[in-house]
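**Student:** In case you want the letters, here they are:
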Amino acid sequence: MRSVVRVLAAVLFVSSAVASPAQERLRILATVLPLQEFAAAIAGDRADVGLLLPAGAGVHNWQPRPGDIARLAECDLLLFIGSGLEPWLPGLIKAMPGRRLNTLEAASSLSLHEHGEEPGGEEEHDHGALDPHVWLDFELDLRIVDRIAQELSRLDPAGTSAFSANAGKLSARLTALDARFRDGLAGCRGKDLVLAGHDAFGYLARRYGLVQRALYGLSPDSQPRPKDIMTAVDFCREKGIRTIFFENSVPSDLSRTLAREIGGRVLVLHAGHNLTRGQQDRGVGFFELMEENLASLRDGLGCR
Amino acid sequence: MHALFAYGFLQRAFLAGVLIAVACAVLGLFLILRKDAMIGHGLAHIAFAGVALGLFLNVLPLVAALAVAVAAAIAVMRLKDRAGLHGDTAIGIFSSLGLAVGVLLASLARSFNVELMAYLFGDILAIEPIEVVLTLVLAAAVLIVVRLNYAKLLYMTFDRESARAAGVRVGRLDTLLMVLTAVTIVLGMKIAGILLVAALIVIPAAAGLQVAGSFRSAVRASIAVAVASVAGGLGLSLALNIPASAAIVVLCFLAFAAFSLGKRGRAIRPGPG
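Here the protein sequences line up with chains C and A, keeping their order. Here the first sequence is numbered in the working numbering, starting from 673 and rising by one per residue. Here the second sequence is numbered in the working numbering, starting from 4 and rising by one per residue.
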């Protein structure tokens with residue numbers, strides 16, 4: 673009987689030893705879609721990269737469930753943006769039981785812009801919070817990609833060459849995307865990105881010489897006031913703007929109201945931090961969403 | 004004031020706001036006198052479950068919300084009747100359950116706050132033309148139903164047992180009132196937001212009851228308070244650049260406070276009469 677137990681134990685030991693290489697794949701979690709896709713592209717098959725937030729969740733006001741905390745506790749690396757994008761995260765990290773969570777804060781090494789800051793506008797403005805929507809600047813994305821590759825190499829030195837090769841490919845893809853945006857938005861009739869929502873597109877606007885005019889600022893939950901809407905309507909009428917953009921993580925009522933007021937239409941822009949269920953079903957990812965953004969922008973701004 | 008003519012969204016806010024206010028003020032009177040003032044908040048929580056259910060089953064969320072709210076309103080009433088629960092206990096039970104079921108369903112469906120919130124919360128500044136028509140139909144339906152059943156509703160509200168004994172079909176009237184209330188609240192919160200609807204159900208009616216000598220004058224006073232608050236609130240919101248719904252609610256409260264202070268002044272004053 674004892675020998676049977678020994679054999680069983682030996683089998684178990686061997687099988688666990690055999691299984692262990694698979695177990696040693698890094699487990700990485702990301703708070704937003706671009707970080708997840710970047711990490712997955714860089715890691716290749718050397719890591720499992722998951723998204724912490726489920727489809728359709730709002731990154732600003734999400735609340736973790738016990739299962740999410742368990743996933744966090746087991747992961748080798750958590751990628752997050754920081755700078756106030758995930759206000760629920762600091763408390764969560766602090767409350768993690770046991771070992772310290774290994775994290776990479778993407779925004780920490782970048783120089784961020786302030787919310788609502790206009791390009792070239794050096795005149796005084798409110799020194800508000802910093803804009804965390806950095807992934808919409810594809811050049812900043814290159815720096816984030818480098819940092820993720822470095823961190824992965826540190827955690828899994830054997831994969832270093834694979835990581836840097838993959839990071840190179842990903843960077844080339846991002847550079848190409850940046851060039852497509854630059855070319856696509858070079859000759860547009862309009863430069864004003866009238867946004868019925870919160871100002872998530874500051875980096876994108878600044879990079880390609882557009883001006884973001886968001887109906888309301890910082891918080892996606894704040895309530896617009898009649899003057900804000902009237903100002904936006906007057907602005908559009910004056911400039912002959914016929915397109916209202918809206919980000920699909922906020923209710924669309926207001927954008928339709930604006931569009932009706934100016935006899936125009938509504939086009940969707942994706943902030944790209946997460947997928948809705950519909951987008952998940954369509955099987956699109958970050959790069960596809962950005963291509964859709966480019967098409968909407970070219971359409972709405974009347975670009976050649 | 005000329006802004007009202009230059010901007011369609013203000014006209015729609017004004018029209019739909021006034022119409023919702025009328026429906027809420029009239030229903031609110033009956034609800035308050037029945038000690039059901041919190042039904043607005045309660046049904047809003049329950050509608051949350053309805054929207055989540057709609058998203059979960061992939062049917063029209065607003066229709067699901069309406070169905071669930073109507074069913075819950077009737078259940079609240081039956082529970083109050085049969086289980087002998089006091090006051091707003093039944094509302095407390097169902098609104099908590101509604102919130103819990105909504106959270107569970109949303110979690111199961113893995114479709115989160117964004118979609119849910121879009122269906123739940125309207126904004127009085129973002130009203131569609133079709134929604135103005137809907138509120139018109141709603142307000143008309145409320146006024147007509149109350150008008151047609153005025154005497155019976157009144158009898159039932161003030162003396163339920165006698166009304167029943169006198170042959171008033173109390174159950175049917177209850178159902179009618181609850182269905183109207185559920186529809187008003189669900190449509191109202193989709194159109195104008197939950198804060199506004201819950202407030203318009205309770206505060207104008209409470210203000211009207213402070214000053215009125217008869218039920219009929221209470222109806223008139225409540226409607227007047229509700230309409231004046233909506234109009235004044237939108238005007239204030241324009242003039243001071245503050246959120247419209249909050250301005251309307253605060254005005255409602257000021258009317259209530261003024262009426263209730265005025266009443267106390269009169270009550271204290273000695274003298275003939």
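Source of the hints: derived by calculation from the structure; they are not laboratory data. Check each hint, because a few of them may be wrong.
Stated by the list, open to error - Which chain A residues stay away from chain C? Per the calculated CB distances, all over 12 Å, these:
id, residue
1, Arg15
2, Leu56
3, Leu58
4, Lys83
5, Val136
6, Asn152
7, Arg167
8, Arg172
9, Ser217
10, Arg219
11, Ala242
To be verified - Incomplete in silico selection of chain A near chain C, CB under 8 Å:
id, residue
12, Tyr10
13, Ala169
14, Val222
15, Ser240
Note that the coordinates shown come from a computational prediction; the quantities given were computed from them, not determined experimentally. Beta carbons: idealized from backbone N, C-alpha and C, even for Gly.
**Student:** Are the hints correct? Go through all of them and say.
**Tutor:** Against the structure, the hints come out as follows:
Residue-level check failed: arginine 15 of chain A sits 8 Å from the nearest beta carbon of chain C, not beyond 12 Å. With a least CB separation of 16 Å from chain C, leucine 56 of chain A remains clear of the 12 Å interface cut-off, as annotated. A Cβ of chain C approaches the Cβ of leucine 58 of chain A within 12 Å, the least distance being about 9 Å, so the stated non-interface status is violated. Every C-beta of chain C lies more than 12 Å from that of lysine 83 of chain A, the closest at about 34 Å, which supports listing it as non-interface.
The Cβ of valine 136 of chain A sits about 15 Å from the closest Cβ of chain C, beyond the 12 Å cut-off, so the non-interface label holds. Remark: the non-interface label on asparagine 152 of chain A is consistent with the geometry, its nearest Cβ contact in chain C lying 35 Å away (cut-off 12 Å). At roughly 44 Å from the closest C-beta of chain C, the C-beta of arginine 167 of chain A stays outside 12 Å, upholding its exclusion from the interface. For arginine 172 of chain A, the non-interface assignment is confirmed: its Cβ lies about 40 Å from the closest Cβ of chain C, beyond the 12 Å cut-off.
With 12 Å as the threshold on Cβ separation, the claim that serine 217 of chain A sits away from chain C holds: the shortest Cβ distance comes to roughly 38 Å. Consistency note on arginine 219 of chain A: stated as away from chain C, and its beta-carbon is indeed over 12 Å from all of that chain's, at 35 Å minimum. The non-interface label for alanine 242 of chain A is inconsistent with chain C: the shortest C-beta to C-beta separation is roughly 9 Å, within 12 Å. With a cut of 8 Å, the hint placing tyrosine 10 of chain A at the interface with chain C holds, because the nearest CB-to-CB distance is about 6 Å.
Taking 8 Å as the C-beta contact cut-off toward chain C, the hint placing alanine 169 of chain A at the interface is violated, the least distance being around 47 Å. Violation of the interface hint for valine 222 of chain A is found here, the shortest Cβ-Cβ separation to chain C being roughly 30 Å, above the 8 Å cut-off. Interface hint status for serine 240 of chain A: upheld, as the beta-carbon distance to the closest one in chain C is roughly 5 Å, under 8 Å.
Hints 1, 3, 11, 13, 14 from the list above are not met by this structure, while the remaining hints are.
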